[in-house]
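Student: Knowing the structure of chain A, use the given hints to seat chain B on it.
Heads up: the protein sequence lines correspond to chains A and B, in order. Heads up: the first sequence is residues 7 to 346, going by our numbering. Heads up: the second sequence is residues 7 to 346, going by our numbering.
To be clear, the hints were calculated from the coordinates, so they are not data collected in a lab. This structure is a prediction, so every number in the text was calculated from the model and none was measured. Just so you know, not all the hints are guaranteed correct.
Treat identical chains as interchangeable: a pair holds within one or across any two.
[As the list claims (entries may be wrong)] Calculated pairs, EDC-like style, for lysine to aspartate or glutamate (alpha carbon to alpha carbon, straight line, at most 20 Å):
hint: 1; residue 1: LYS256; residue 2: GLU38
hint: 2; residue 1: LYS303; residue 2: ASP232
hint: 3; residue 1: LYS256; residue 2: ASP122
Number of protein chains: 2
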Amino acid sequence: MRWLTEVRAGVDERLERYFEAKRDAARGLAPESVELVDAIAALTMRGGKRLRPALMHAAFCAVAPDRDPAVLLDTGAALELLQTYLLVHDDWMDHDEERRGGPSVHAALREAHGGDAHLGASLAILAGNLASACAWELITRGEHPRAIEREVTRAFLRMHQEVVYGQQLDLLATSDVSLMQQLKTGSYTVRGPLMLGAAFGEASDAQREALLRYGRPLGEAFQMRDDLLGTFGDSGATGKAVSSDLREGKRTALVLAAERRADAAARADLTRALGDRGASDEAIEAAREVLVRVGAKAEVEERLEALLDDARRALEDDSLRELGRERLRALADQLGRRDR
Amino acid sequence: MRWLTEVRAGVDERLERYFEAKRDAARGLAPESVELVDAIAALTMRGGKRLRPALMHAAFCAVAPDRDPAVLLDTGAALELLQTYLLVHDDWMDHDEERRGGPSVHAALREAHGGDAHLGASLAILAGNLASACAWELITRGEHPRAIEREVTRAFLRMHQEVVYGQQLDLLATSDVSLMQQLKTGSYTVRGPLMLGAAFGEASDAQREALLRYGRPLGEAFQMRDDLLGTFGDSGATGKAVSSDLREGKRTALVLAAERRADAAARADLTRALGDRGASDEAIEAAREVLVRVGAKAEVEERLEALLDDARRALEDDSLRELGRERLRALADQLGRRDR
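Chain A on its own, in the form it takes in the complex:
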């Protein structure tokens, strides 16, 4: 898909230029300051699928296919910086030592400062805060019509606040897993980018509603794919430790399905590994086998496919323009297949 390659290249190039300017500015303050820019630049540029800018772009094409998508570039870069901010903070909260095939930011900064865990964590929190401020800079520096600017700012604020509550509910292991996921991931991964594309394209109400009907099941499917990868994924592809979700005791769709389906013996095997950060590889493998044996993995895979079908069906809405429908469909297909 050439358009997707172009969207990615455009965002990457904008980010590179932005980080270069930030590095220069930091160097002008104090030699030490560059370390924080380097930390967020390294994570941001190391992989990343640029899914959020791609969704914004496709939504824009679904409402304003004749306009120049270059207006989206700063906001696309801002979405990636928002994600960097969230990943940096969450990885520390969740004790994740790896991200995108390298050390997470708090782990890297801890090693750079003599193994001092509190200093590494503190600097990582600051690096995340810097990424957040940078995202706001990219969101507010544009020269767009005022009505668009207001809507873009509002959409960005909403994402920014919802992810905080989502991560809070995750830390507290809330029983309402679906709400938690909707706030923690769905808002800034799918709904937010779609609404940003709609804002820049000055979408009609009917178009916004159609995009939301597409986004709701897509967001849920995205989360299920994440759950599958976090438990069964190949760490070489995901760039994270294998089965970190099980060791962290996350209430994933897989675990919830298994608890419904498993008998007492199978539950015991699952419980042994779940939430035990020091669980042996054998215990993890046994828990994974339970998830397969009781049919939890197959159930989640089926539900994921059904959700993607719902998303594709929502695109049959006449209010959306063909160019964008095609691209949104392609993104749903790709999400169905993604392995990282």
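Tutor: Just chain B, lined up with the frame of chain A:
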């Protein structure tokens, strides 16, 4: 000073109403979510001198004394929320357990969650992030002329980024203490609020320069007062543990002056307490006596007075209007006397 009481009351009332709306919104998400709003509301409303909104107000009066200062209210509330965000994160980084006469946010959330230090810290980081997002909401939701909005956003962004670098340099115990303080405290405490008042009042270049000539020594004086209070202050008035600066090993103006002035024996007394979190009250008292005996305390007090004189002199600039000059002078006088 009736104007100052009115500025404080106006900001407090705006903050109360804002938190009430945020509580309602959080309650609509999940019952747990209110805890984060309560955490930042408790810290924000528990004292706080509203110095930053007052400086913004006085600067506004120095350039546009005939305009209605009600346009400043949301931004005044945003400055307080920016401070809340920074205090919450910094208190965790600096191991400060008390703030404004109550528990710091990570300490309160740790106790609310069974003494789990990592969970308390994680929730505190989220509470700080929420305060940051709320500050942005208040900054961007106004209906001001576009040129003013752009300048306000730029000033806010600058503060937001400079404090990150300032705190980083503080954590790394940089040798350039003056730069660190300028970035960490001066930017969002004095310079930023003055430039926000200038932006809302559409100040001339000459007026901006005069305000900056006032702000530079005032910011330095503010930091010195902070150093004096953090070492010699009465914890009942400051709301922080006594001499936490010494136990944290901060490179305050007092310590720097003492190192220049002290002989080997006095240095040894100072070094014994400095940076030792478990230092006995006797060791702290001995270190304080060194600071007095070698003249470091007197030196810093004298420099503080000289800086305040510089600030007052900068107000003799004809480009500034009398109402604002009076109020800026009053704030400098007050800062010279503050005990918390």
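Student: Among the hints numbered above, which are violated by the structure, and what are their numbers in rising order?
Tutor: none
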